[in-house]
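Novice: If you want the building blocks of each chain, they are given just below.
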Amino acid sequence: MSDGAFFPRDRSRHPPAYTPDYKTSVVRSPQKALISMPTTLSEETGPVFGHDMLGPLDNDLIQNFAKPGEMAIGQRLIVHGRVLDETGRGVPGVLLEFWQANAGGRYRHKKESYLAPLDDNFGGCGRTITDDQGGYRFRTIKPGAYPWPNRVNDWRPAHIHFSIFGSGFAQRLITQMYFEGDPLIWRCPIVGTIPDRDGIESLIAPLDTNNTIPMDARAYKFDIVLRGRRSTMFENRMEGN
Amino acid sequence: MQRLDPLKESPSQTAGPYVHIGCVPNFSGITGVYPADPGAQMVTKATQGERISVEGVVFDGTGTPLKDALIEIWQADAAGIYALRDPRGPGDPAFAGWGRKAADFETGLWRFDTIKPGAVPFPDGRMMAPHISFWIVARGINIGLQTRMYFPDEDNSADPWLTRIEHQNRVPTLIAEKTGDGAYRFDIHLQGPQETVFFDV
Ligand SMILES: [Fe+2]
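Protein sequence lines, in the order shown, are assigned to chains A and B.
Just so we're aligned: 235 in our numbering is position 235 of the first sequence, and the numbers increase by one with no gaps anywhere.
Count along the second sequence from 1, then add 1000; that gives the number in our numbering.
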């Protein structure tokens, strides 16, 4: 098992803090250099979540906020994939949380004022824990695109927000999943904070017809990669390793 | 030639203004989906250690509080052991070590009720002074910010992490203020002369 130091984060893969086309980042971006440190136990350990925390509908956004016998409105989807690390190994037993707008592009949130209506049967949150191979799946509806205050006419492509825990706190990650073929992806200043095209492509989920459920729901596959970590086998470390 | 590690980390994207829906739905008014927001309660009667509170505000470069930030903390138990994955063996079974709080929508204030952590070793075996790891996300923050809080009433002078920081005049940004018995204040400044030290770790 790998439980040693994390590989250094390849910061060129991630958005820089200061991205003026995404205006909110301008006053929220640290201006001094990050101080580089080796990971210690404080970063190599992290919270563990048990399957017992999950309710039966936590991975079903179509049902988990709906009134009995009703369902959320929208295009029915299965989203599935694996959580891997940079070495290609699946990361089992990690908590994934996801949230999204409804089919009309409206979030259920008190700070949200878009004129598209709420769906009484859609809350917009879900969660699951990866299986032994790092696999996960959940059911939802396709979120709508929505306008947001940045430049006068910016629209977010359809997306699902993901929060991912790893085996150590240094792997903590929040990202977004986009949908194959959406023309708004390449116009979005938030997507555009990612420095290179390959990085953007890695957040675009392809339509997965093999896993589509006929006459019910289409599937999209979205793999997530977390930082890798070294084995401690030959490291000169504290006793007990 | 063979390839080294085949995959690259997924790029981060901002948590956005509606992070509450996914991470603290009950706080945001979405009730009935999860019984409680994860990380909301860190301490029970059975938890060992000195009860403390840690509160603060995250400020942007204009001095305005972030009212949409989400803060997570990770810390050792009172004996300096991390829950479950620490190779030095089982920690306090009544302490998970992880907390998550949203800033108040009106004031930006967040607060954790927890216990004071014990000291934890640096990889070379020297002890690090008691500290709490922080991870901060919000709209406008493109990748989660990593920092640490140390305690003003501990001896931090030989801490192997803090002493590695070149600009020692910035170290005070990592040390909380004691505001009462077991009460600490830890404000975080994203920019400006008091900019908090953030780490690439
Ligand atoms: Fe969003």
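There's no promise every hint is true.
[Stated by the list, open to error] Okay, derived cross-link-like pairs now, BS3-like style, lysine-lysine, Cα gap no bigger than 27 angstroms in a straight line:
| id | chain 1 | residue 1 | chain 2 | residue 2 |
| --- | --- | --- | --- | --- |
| 1 | A | K32 | B | K1045 |
| 2 | B | K1045 | A | K111 |
| 3 | B | K1045 | A | K110 |
| 4 | A | K221 | B | K1178 |
| 5 | B | K1008 | A | K32 |
| 6 | A | K110 | A | K23 |
| 7 | B | K1067 | A | K23 |
| 8 | B | K1008 | B | K1178 |
Worth flagging that the hints you see were computed from the coordinates, not collected in a lab.
Values in this document were obtained by computation on a predicted structure and should not be read as measured data.
Novice: Of the numbered hints stated earlier in the document, which are not met by this structure?
Specialist: Of the numbered hints given earlier, those the structure breaks are 1, 2, 3, 4, 8, listed in rising order.
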